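Novice: In this note's numbering, the protein residues as written are 1171 to 1467.
Please note: incorrect hints may appear among the correct ones.
[Said to hold, decoys possible] With a cut-off of at most 30 Å between alpha-carbon atoms, the simulated DSBU-like pairs for lysine-lysine come out as follows:
(1) Lys1465 to Lys1196
(2) Lys1352 to Lys1335
(3) Lys1196 to Lys1335
(4) Lys1301 to Lys1463
(5) Lys1465 to Lys1335
(6) Lys1335 to Lys1200
(7) Lys1415 to Lys1463
(8) Lys1339 to Lys1352
(9) Lys1301 to Lys1335
(10) Lys1200 to Lys1463
(11) Lys1352 to Lys1463
(12) Lys1196 to Lys1339
(13) Lys1352 to Lys1301
(14) Lys1339 to Lys1465
(15) Lys1200 to Lys1352
(16) Lys1352 to Lys1196
(17) Lys1463 to Lys1339
[Unchecked claim] For each label pair, taking beta carbons as the anchor points, the in silico distance ranges come out as:
(18) Ala1418 to Asp1356: 18 to 24 Å
(19) Ala1455 to Thr1243: 30 to 36 Å
(20) Leu1214 to Asp1461: 20 to 26 Å
Derived from the structure by calculation, the hints contain no laboratory data.
Note that the structure is a prediction, hence the values are computed from the model and not measured.
Backbone N, C-alpha and C define an ideal beta-carbon position, used for all residues, glycine too.
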Amino acid sequence: MSAHTVNKPSSQQAPPVTSVTVRNTKGQRKLVMLTAYDYPTALLLDEGGVDMILVGDSLGMVVLGRSDTVAVTLEEIIHHTSAVTSAVRRALVIADMPFMTYEQGVAQALINATQLVQRSGVRAVKMEGGKEIAPQVAALVQAGIPVMGHIGLTPQRAACLGGFKVQGKTVAAAIRLQEDAKALEDAGCFSLVLEAIPAAVAAGITASVAVPTIGIGAGADCDGQVLVFHDLVGLTQGHTPRFVKRYANMATLISQAVQDFSHEVQAGAFPTAEHSFSMPASECAALAEADRKVKES
1171 MSAHTVNKPS SQQAPPVTSV TVRNTKGQRK LVMLTAYDYP TALLLDEGGV
1221 DMILVGDSLG MVVLGRSDTV AVTLEEIIHH TSAVTSAVRR ALVIADMPFM
1271 TYEQGVAQAL INATQLVQRS GVRAVKMEGG KEIAPQVAAL VQAGIPVMGH
1321 IGLTPQRAAC LGGFKVQGKT VAAAIRLQED AKALEDAGCF SLVLEAIPAA
1371 VAAGITASVA VPTIGIGAGA DCDGQVLVFH DLVGLTQGHT PRFVKRYANM
1421 ATLISQAVQD FSHEVQAGAF PTAEHSFSMP ASECAALAEA DRKVKES
């Protein structure tokens, strides 16, 4: 079975976005980040001008059909990240460090991050957690691997947080988030994802750190915003988080296309001559003669 060839990236490219570019954008303009898990999607996002593309462990839920992100493995992240980096020429690609690939300490974090960087082509990683992972962040940065932090609702730890719930709703919890943000900044993170925290808390964190904050369910005062691609274009089913805005309904379009294809195949309306290949009349005649001789023999 063949498939239509995916367009290759254009040779005409704007300057690539790096972790330094992202860090220096603080206070200059809003940053845009979306997730991608495959070549064609990453190609579209890169051509669309997003600043950052995250190969998130959300792939466990939106691509692999799992109930959470915990079961996503390093091998799976490497596999999907390799596809994304093959497509991207401008945006900064960032890959999630999966659950339990860095929590045990600096040595573990260095080994697994090295595998991820060397085998996938990615040049930045994201790690969930606060001050408790600052040593790992510092070690990776010192080794030359840029790190994006992630605090607030950290899906890998949802079981300890009571599920996918808003974080930082009390003064004590908000202060802990502020302390986490500062610790990650000091450790060398070039940016911080703030997920599912009150807008006022996110605004305070954004004002208190010198690196950009990327919000997802954290209000409008963050330095940028990120959404899961499948949520953005309406490909996810079931519950949609409050912070998601759907900009398209691709599920309906795809479903209709499948139904139309099925109907035309069953009705004999597809394929037509337009979608078929021909051969010279002389060759058709010769083939018919050859078939006749075979039948007579």
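Novice: For every hint, state whether the structure bears it out.
Specialist: So, going through the hints one by one against the coordinates:
no., hint, result
1, Lys1465 to Lys1196, "violated (78 Å)"
2, Lys1352 to Lys1335, "holds (23 Å)"
3, Lys1196 to Lys1335, "holds (28 Å)"
4, Lys1301 to Lys1463, "violated (82 Å)"
5, Lys1465 to Lys1335, "violated (73 Å)"
6, Lys1335 to Lys1200, "holds (26 Å)"
7, Lys1415 to Lys1463, "violated (67 Å)"
8, Lys1339 to Lys1352, "holds (19 Å)"
9, Lys1301 to Lys1335, "holds (20 Å)"
10, Lys1200 to Lys1463, "violated (74 Å)"
11, Lys1352 to Lys1463, "violated (85 Å)"
12, Lys1196 to Lys1339, "holds (26 Å)"
13, Lys1352 to Lys1301, "holds (8 Å)"
14, Lys1339 to Lys1465, "violated (82 Å)"
15, Lys1200 to Lys1352, "holds (21 Å)"
16, Lys1352 to Lys1196, "holds (16 Å)"
17, Lys1463 to Lys1339, "violated (85 Å)"
18, Ala1418 to Asp1356: 18 to 24 Å, "violated (40 Å)"
19, Ala1455 to Thr1243: 30 to 36 Å, "violated (59 Å)"
20, Leu1214 to Asp1461: 20 to 26 Å, "violated (47 Å)"
Hint compliance for this structure: hints 1, 4, 5, 7, 10, 11, 14, 17, 18, 19 and 20 are not met, and every other hint is.
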